[in-house]
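Peer 1: Sequence:
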Amino acid sequence: MTTTLVASPARLSERELDALVREHLPLVGHLVREMLGRVPAHVNRDDLTSAGLAALAAAAKSYDPSRGTPFGSFATVRIRGALLDELRGLDWASRSVRHRARKIETAAAELTASLGRTPTDNELAATLGVAVAELHSAADDVQRAVVLSLQGFAAGTA
1 MTTTLVASPA RLSERELDAL VREHLPLVGH LVREMLGRVP AHVNRDDLTS
51 AGLAALAAAA KSYDPSRGTP FGSFATVRIR GALLDELRGL DWASRSVRHR
101 ARKIETAAAE LTASLGRTPT DNELAATLGV AVAELHSAAD DVQRAVVLSL
151 QGFAAGTA
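Under my numbering, think of the first position of the sequence shown as 1, with each following residue one higher.
FYI, nobody ran anything at the bench for these hints, they're computed from the structure. Being a predicted model, the structure only gives us computed values, none of them experimental. The hints are all genuine.
Distance ranges between label pairs, derived from CB positions:
#1 Ser66 to Ser114: 51 to 57 Å
#2 Ser62 to Leu115: 47 to 53 Å
#3 Glu105 to Asp85: 20 to 26 Å
#4 Asn122 to Arg88: 31 to 37 Å
#5 Gly72 to Leu115: 44 to 50 Å
#6 Asp46 to Arg95: 23 to 29 Å
#7 Ala109 to Leu17: 44 to 50 Å
#8 Gly89 to Gly29: 16 to 22 Å
Yeah, the Cβ is synthetic: ideal placement off N, Cα and C, and Gly gets one too.
Work the whole structure out from these sequences, hints included.
Peer 2: Printed below as a string of structure tokens:
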């Protein structure tokens, strides 16, 4: 049996970690603003910023400078991932519902471009290889998720 030893990552001092986090605080703001431009208006900036700051701190603690990756690049990936996780947590629709909705939207856009008009439900269903009832069911699932999300927002919980 062969045992592979993994070198422990080069550790930064508390002072170095603090400096690294402080230096990259604007990165969190930049990534949050970038993300807010692509999400619904009800998404709370403070929630995303909080998730981004936590990810920045975690990235600093797990960063290994001996690997040669600049910290900004390393942290950007970790922060974006945390922001996406936060958005997924706020989303009332499951991934499968969102995936079906994206497939329908893509097919509808392609049909609109090729036909020069909005496709009928029958044309869209035929393109997707599904029954019209399944197409309507997918649209209903997305609509329910939006209503639940808006109800949570109105109650102050979103």
